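A.B. asks: Here is what each chain is made of, one letter per residue.
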Amino acid sequence: MSEKNKYPFSSEKPLEYKRVDEFLRIFSVMLESTNYGPVLDTYSRVSMHCSRCGSECMLYSVSNDPKDIPCYRSSLLLNIYRRHFTAWGKIKNTLLGVRAITESEIDEMIESYYHCTMCGRCTRYCPFGIDHRLVVRLGRYILSKMGIVPKNLQVSVREQLQGATGNTSAIPLKALRDNLEFLEEEIEEIKGVKVTFPIDVQDAEYVFFAPVSDYLVEAETLMGIACVMHEAGVSWTIASGNYDAINYGLFYDDGHLEEIIGNMVKEVKRLNGKKILIGECGHAYMSAWKFSPAFADSDEYPIYHILELTSALVSEKKIQLDPTVITEKVTYHDPCNIARNGRIVAQPRNIIHAFIKNFIEMTPRGDDNYCCGGGGGTVTVGELKPYRMDVAGKRKVEQLRKTNADIVITPCANCKKQMGELISHHKLNIQHAGLHDLIFKAIVMTGGNHDK
Amino acid sequence: MINEMLMFARGPLFVFCSTLMVLGIIRLVVILVINLHGSIKNAGCSDITYRDTVRETAIWMLPLRRLFNTSPVFSTVSFLFHVGVIVVPLFLLEHVLLLENGTGIRLWNIPGNVADTLTGMVLITGCILLLYRIMKRSGRGISSFSHYFILVIILTVFASGYVAASPYNPISYTGMMLCHVLAGNILLVLIPFSRLSHAIVYPFIRLVTLSGWCFPYGGGKKANNKIFGSEQIEI
Chain C
526 MSEKNKYPFS
536 SEKPLEYKRV
546 DEFLRIFSVM
556 LESTNYGPVL
566 DTYSRVSMHC
576 SRCGSECMLY
586 SVSNDPKDIP
596 CYRSSLLLNI
606 YRRHFTAWGK
616 IKNTLLGVRA
626 ITESEIDEMI
636 ESYYHCTMCG
646 RCTRYCPFGI
656 DHRLVVRLGR
666 YILSKMGIVP
676 KNLQVSVREQ
686 LQGATGNTSA
696 IPLKALRDNL
706 EFLEEEIEEI
716 KGVKVTFPID
726 VQDAEYVFFA
736 PVSDYLVEAE
746 TLMGIACVMH
756 EAGVSWTIAS
766 GNYDAINYGL
776 FYDDGHLEEI
786 IGNMVKEVKR
796 LNGKKILIGE
806 CGHAYMSAWK
816 FSPAFADSDE
826 YPIYHILELT
836 SALVSEKKIQ
846 LDPTVITEKV
856 TYHDPCNIAR
866 NGRIVAQPRN
876 IIHAFIKNFI
886 EMTPRGDDNY
896 CCGGGGGTVT
906 VGELKPYRMD
916 VAGKRKVEQL
926 RKTNADIVIT
936 PCANCKKQMG
946 ELISHHKLNI
956 QHAGLHDLIF
966 KAIVMTGGNH
976 DK
Chain R
10 MINEMLMFAR
20 GPLFVFCSTL
30 MVLGIIRLVV
40 ILVINLHGSI
50 KNAGCSDITY
60 RDTVRETAIW
70 MLPLRRLFNT
80 SPVFSTVSFL
90 FHVGVIVVPL
100 FLLEHVLLLE
110 NGTGIRLWNI
120 PGNVADTLTG
130 MVLITGCILL
140 LYRIMKRSGR
150 GISSFSHYFI
160 LVIILTVFAS
170 GYVAASPYNP
180 ISYTGMMLCH
190 VLAGNILLVL
200 IPFSRLSHAI
210 VYPFIRLVTL
220 SGWCFPYGGG
230 KKANNKIFGS
240 EQIEI
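For the protein sequence lines, the chains are C and R, in the order given. Residue numbers are given in the numbering used here: position 138 of the first sequence equals residue 663, and the series is strictly consecutive. Residue numbers are given in the numbering used here: position 35 of the second sequence equals residue 44, and the series is strictly consecutive.
Chain C extracted, bound-state conformation (with noise of 0.2 Å):
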């Protein structure tokens, strides 16, 4: 028996046998363990099934598939959880012998949990409020407990959490260090001022953590961030002991996500940092903000989003950006993790606003955008690309070819990966950037406000 052909992504050591019985085991450890009783309880008796959130799913609207409507993904798990975690579910297995789960529900389960991109796009127009994004979850939490998780995410979150170079790159700490020198001369070569990357600074008002692919891939974004630091004056450092903002825990695992963002308090502690400053990333903000009070047991360090900090400079004028440097037209993708639950849609705009005069925005944004068809951690995992471009990235090639622009700011690591596969893929011309990236190229260099 070999049950690897069935899945639709590599995983280490996927559970070949027994599948069934171990499933509802962990279904029903998770159940003590967690707070997913009393959600499944109350969903699977009032789900109707009215399809709202199908016509608000990216995903069906475009695969046109019923077992894309989220109702219908919720429904794998929640009819398992009627059948065999409820008492009346109990009582018609006795009395009339209710089918077990069986093998091809577990599959379908796999495949269709790691479609949906956790966007929640669906919650926000379900009349009830069901999130099918923790339905969804639980389901890649069971079942990563039996093995059965994307490699790549598996493999980037054993380097964070037990490998040597505790990031999900796997970049030692000398190599950060020599990238960071390569960048400081990098921004004075360009913009002709030293700025630093501060390492391990104590006492500093923010701990700043990136997610760590930027150190390789997004240097540009770094050096806006590292530029608008030094103009303001603000006190900032990289923490050495820990500097990757990425917390895959948060798309299928509790203890991960839990034990991430313990790492990252426990460095900001260290260094007795006042606030915790996250890069330009959606889930990275997302799963530090939303978890650190109950996570790390403390409600003592703000978490900031870059997005944040540097709109607020922008406002109090701490920072010049010229308005002559960009002239392309520009639009502007919301990622669903800060988007969604509408607190980071005015602070980019505000930015832009504030130096780029030929914007458009796509339609619909902010809270109600279009997910760029990467999130939920699927941006990572290569066997799901075909599906990445030519279903779930589907709606965003079209706001983007609609909106006709040269660059697409999209200020997230993962959004950002998408969406340069996206337009790679379907030979858009248009360019994508983070903010910060161009940030960098507006920035005026007064030689900083470390003194005002």
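Read the hints as simulated data drawn from the structure, not as lab findings. Be a bit skeptical, because a hint or two may be false.
[To be verified] Computed Cβ-Cβ distance ranges for the label pairs, DEER-style: (1) R:43 x C:699: 50 to 56 Å; (2) R:11 x C:649: 15 to 21 Å; (3) R:154 x C:541: 30 to 36 Å.
On a predicted model such as this, the values are computed, not experimentally measured, just so you know. We treat Cβ as the ideally placed atom computed from N, Cα and C, and that holds for glycine.
Could you slot chain R onto chain C? The hints should help.
C.D. replies: Frame of chain C; chain R shown alone:
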């Protein structure tokens, strides 16, 4: 015989079903409140925004501004259906009198012609919803037996009540009324014990969702311990 059956359905059976419904609703709400309290207490849910939750719930109870976003026809049909399904059973004169006789509580009642119009609206919109579930691939894909059954029972209650009260009743009043009362009794029992419980649970659902996002501290380790026998596992 049929008269006796009607008397039984209107009498002891109705009392039994109503009692079952009330007890079921109490059970439902008590379980929900206990679960919610446990969840919120379990995990430091410091960011639950009660005011926003109540506001969002209230907005969706009268979603006039949201009907026309993407599926205006379906949303309007569904909205009109719900208006009729809630208003007619509660405020029809005959039902108001029934309640007054049984409990002494007198509710406001709607005029007969309004009740007839709303009933017609429920029948038309209910049939559209049923046809959607039968005819459309997406509707079939997401519908189970209970979705069809609940709609059929609701349509039966409204259609039989309408016909029984109509002067053009092709069948006997007693027979049609028996059908109405029996289907109504089934509906009463279904309210707390089926998907119809959304009528009761609705005000709590958004709060349940928020509490679901409050993951308890140490929950992951606890789960690992129970699954693998160790809090720390090799990833």
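A.B. asks: Evaluate the given range 30 to 36 Å for the C-beta pair formed by residue 154 of chain R and residue 541 of chain C.
C.D. replies: holds (34 Å)
A.B. asks: Lying within 15 to 21 Å: is that true of the beta-carbon distance residue 11 of chain R to residue 649 of chain C?
C.D. replies: Taking Cβ atoms as reference, residue 11 of chain R and residue 649 of chain C lie about 52 Å apart, which means the hint is violated.
A.B. asks: Note whether the CB distance of residue 43 of chain R and residue 699 of chain C lies within 50 to 56 Å or breaks it.
C.D. replies: Since the Cβ atoms of residue 43 of chain R and residue 699 of chain C sit about 55 Å apart, the hinted range of 50 to 56 Å holds.
Checked against the numbered hints above, the structure breaks only hint 2 and satisfies the rest.
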